[in-house]
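S.K.: Let the sequences and hints guide you as you build the complete structure.
2 protein chains.
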Amino acid sequence: MSEDAFLAAYDPAAYERPALAVDVVLLGLREGRPAALLLRRAQHPFAGFWALPGGFVGIGETLDAAAERVLREKAGIAAPHLEQLYTFGTLGRDPRMRIVSVAYLALLPDRAFAAASEGMPELMPARLDVPWRGEAGGPVAAFPLQGSARSEPLSLAFDHADILALAILRLRGKLDYSDVGFALLPELFTLRQLQDVHEAILGLPLNKPAFRRRMLDRGWLEPTGAREAGSSFRPAELYRFLRPR
Amino acid sequence: MSEDAFLAAYDPAAYERPALAVDVVLLGLREGRPAALLLRRAQHPFAGFWALPGGFVGIGETLDAAAERVLREKAGIAAPHLEQLYTFGTLGRDPRMRIVSVAYLALLPDRAFAAASEGMPELMPARLDVPWRGEAGGPVAAFPLQGSARSEPLSLAFDHADILALAILRLRGKLDYSDVGFALLPELFTLRQLQDVHEAILGLPLNKPAFRRRMLDRGWLEPTGAREAGSSFRPAELYRFLRPR
DNA sequence: TAAATAGTGTCTTTAAGACACTATCAT
DNA sequence: ATGATAGTGTCTTAAAGACACTATTTA
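Going down the list, the protein sequences come from chains A and B.
With full-length UniProt numbering applied, the first sequence covers 1 to 245.
With full-length UniProt numbering applied, the second sequence covers 1 to 245.
For the record, the hints were derived by calculation from the structure and aren't laboratory data.
Keep in mind that a hint or two might mislead.
Claimed, not checked - To give an idea of the chain A side of the interface with chain B (calculated C-beta under 8 Å), a few residues:
{"#": "1", "residue": "TYR15"}
{"#": "2", "residue": "PRO18"}
{"#": "3", "residue": "ALA19"}
{"#": "4", "residue": "ILE59"}
{"#": "5", "residue": "THR62"}
{"#": "6", "residue": "LEU82"}
{"#": "7", "residue": "GLN84"}
{"#": "8", "residue": "VAL100"}
{"#": "9", "residue": "VAL102"}
{"#": "10", "residue": "VAL130"}
Unchecked claim - Negatives, chain A to chain B, calculated, CB over 10 Å:
{"#": "11", "residue": "GLY60"}
{"#": "12", "residue": "SER117"}
{"#": "13", "residue": "GLU118"}
{"#": "14", "residue": "ARG133"}
{"#": "15", "residue": "PRO139"}
{"#": "16", "residue": "GLN146"}
{"#": "17", "residue": "LEU154"}
{"#": "18", "residue": "ASP176"}
{"#": "19", "residue": "LEU194"}
{"#": "20", "residue": "GLY203"}
{"#": "21", "residue": "LYS208"}
{"#": "22", "residue": "ARG212"}
{"#": "23", "residue": "ARG240"}
As the list claims (entries may be wrong) - Between beta-carbon pairs, the in silico distance windows are:
{"#": "24", "chain 1": "B", "residue 1": "ARG33", "chain 2": "A", "residue 2": "GLY230", "range": "30 to 38 Å"}
{"#": "25", "chain 1": "A", "residue 1": "SER232", "chain 2": "B", "residue 2": "ASP179", "range": "46 to 54 Å"}
{"#": "26", "chain 1": "B", "residue 1": "PRO186", "chain 2": "A", "residue 2": "LYS208", "range": "42 to 50 Å"}
{"#": "27", "chain 1": "A", "residue 1": "TYR15", "chain 2": "B", "residue 2": "ASP179", "range": "48 to 56 Å"}
All C-beta atoms, glycine included, are put in the ideal place defined by N, C-alpha and C.
M.R.: Spelled out as structure tokens, the structure:
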């Protein structure tokens, strides 16, 4: 670090600094597909476009805390899983000024997704259309969840389509060696529900016996002995996720 | 985004902002192990400690450009592979002021590593000691490369030990589905050199026939017909990395 | 008992690990 | 020829995919 950079660092007025923000992808599953909660922008820029909830990072606030605050203030919930995705810092991403944004991914099980959606009516639940297989990458489109099947895709503000794509990419990448899948399930769940989560995120069907073998052999699942209620056929056993140690 | 946050965003003086920096891990391989180039800090804080090369992000500079500039100014090179790792934003990481730092990973093949090391004598080549297997994670220690075998570990400034650990973690994670391994090799290389790179990063020996099968079946390698020179035994064929499309 | 899904047995397929073997070059 | 590493053939092992089968519950 050179001497004048040093001094500039001590004098906040010496050089202009980029503003620092966080944007949070609120991700859940709806109808067997990934879904996210978006906010409609009222003002310029991108008025009428849809954006991820976000906010500036306070001077006395960690990045994680800023993401948690956004989650609390904009969605009224605390996500069980919140992780940093990537930091976006291209020059034109916000036409007003230089804003560097740290993207976060929050995973919401059905209950939390519904609670945020109902408690904050300005949050629009949107189905994500992922037109690529595996971890190929590429754009992700968002469609209104309620509405006719032939709706127009939602126009996304800023570089938020890229951020959504990165969220899917990250999730797919770590799904089968980490515990992220369980963050999208309630405390008790059946193996079929777990497989549904994996299939929804990966966007492809999985082999049932192989999936059950893998999951059970991992040793992260504790059978509860209880069974699911409300089915009109043979009820499945409920499992609990046992955090690996 | 609330109205007053909006206004504050337009008025840089309204709220204090964190300073934004980049720190770059200059990673290469030495003696079959990961190695990094570090700078000795002259001033407080962490005077005498070893730190990653870094610098503040200019107001008109992207994050990637800032990392490239650090690489150019502090190491005198342009890395063939430069990727963002993670953004560190805890409150106490720099005792002087609030600095949020975007960590980058630069991969240097032998020639670039040596060129930086020789061209910039203040850069200390340090062997990284990774005491965990796979992607378990945990601290990483740095030792002087030249020096007695029983040296003390280098004291690392700030949270730079965490950044080094993350670099290894990321590299291990994407080594066998991405092309990062080739960034540590010259344009022409033998399969043995490629295996050496993988073994050095993973920290474990690999099965030779299986490794060759995997690499050749991937279709990323183009045999050149040429053979390595200078060996006192059977020379191996030289391959070229063909970017997958 | 019919319907529907839970859950399993087992065969096939694929890929990795083990290990020895042949090939080829410099000296 | 010797030494040393390149490069391969093949057997074993591990795990996933395919697919049909049995089990269990509600209605």
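S.K.: Could you run down the list of hints and mark each one as holding or not?
M.R.: Hint check results:
1. TYR15: Result: holds, 7 Å to nearest chain B Cβ.
2. PRO18: Holds. Min distance 5 Å.
3. ALA19: Nearest chain B Cβ about 6 Å off; hint holds.
4. ILE59: holds, 4 Å
5. THR62: holds, 5 Å
6. LEU82: The hint is violated - LEU82/A has no Cβ within 8 Å of chain B, the shortest such distance being about 14 Å.
7. GLN84: holds, 7 Å
8. VAL100: holds, 6 Å
9. VAL102: holds, 5 Å
10. VAL130: violated, 19 Å
11. GLY60: At about 7 Å from chain B, GLY60/A fails to clear the 10 Å cut-off, so the statement is violated.
12. SER117: holds, 20 Å
13. GLU118: Correct as stated: the minimum Cβ-Cβ distance to chain B is 22 Å, above 10 Å.
14. ARG133: holds, 14 Å
15. PRO139: holds, 19 Å
16. GLN146: Correct as stated: the minimum Cβ-Cβ distance to chain B is 25 Å, above 10 Å.
17. LEU154: Given a closest Cβ separation of 18 Å, the condition holds.
18. ASP176: holds, 13 Å
19. LEU194: holds, 22 Å
20. GLY203: Correct as stated: the minimum Cβ-Cβ distance to chain B is 18 Å, above 10 Å.
21. LYS208: holds, 25 Å
22. ARG212: The claim holds: ARG212/A sits with its nearest Cβ about 25 Å from chain B, beyond 10 Å.
23. ARG240: Non-interface label on ARG240/A holds, nearest chain B Cβ at 24 Å vs cutoff 10 Å.
24. ARG33/B / GLY230/A: 30 to 38 Å: Once the Cβ atoms are compared, 57 Å apart, the range 30 to 38 Å for GLY230/A and ARG33/B is violated.
25. SER232/A / ASP179/B: 46 to 54 Å: holds, 51 Å
26. PRO186/B / LYS208/A: 42 to 50 Å: holds, 47 Å
27. TYR15/A / ASP179/B: 48 to 56 Å: violated, 37 Å
Hint compliance for this structure: hints 6, 10, 11, 24, 27 are broken, all remaining hints hold.
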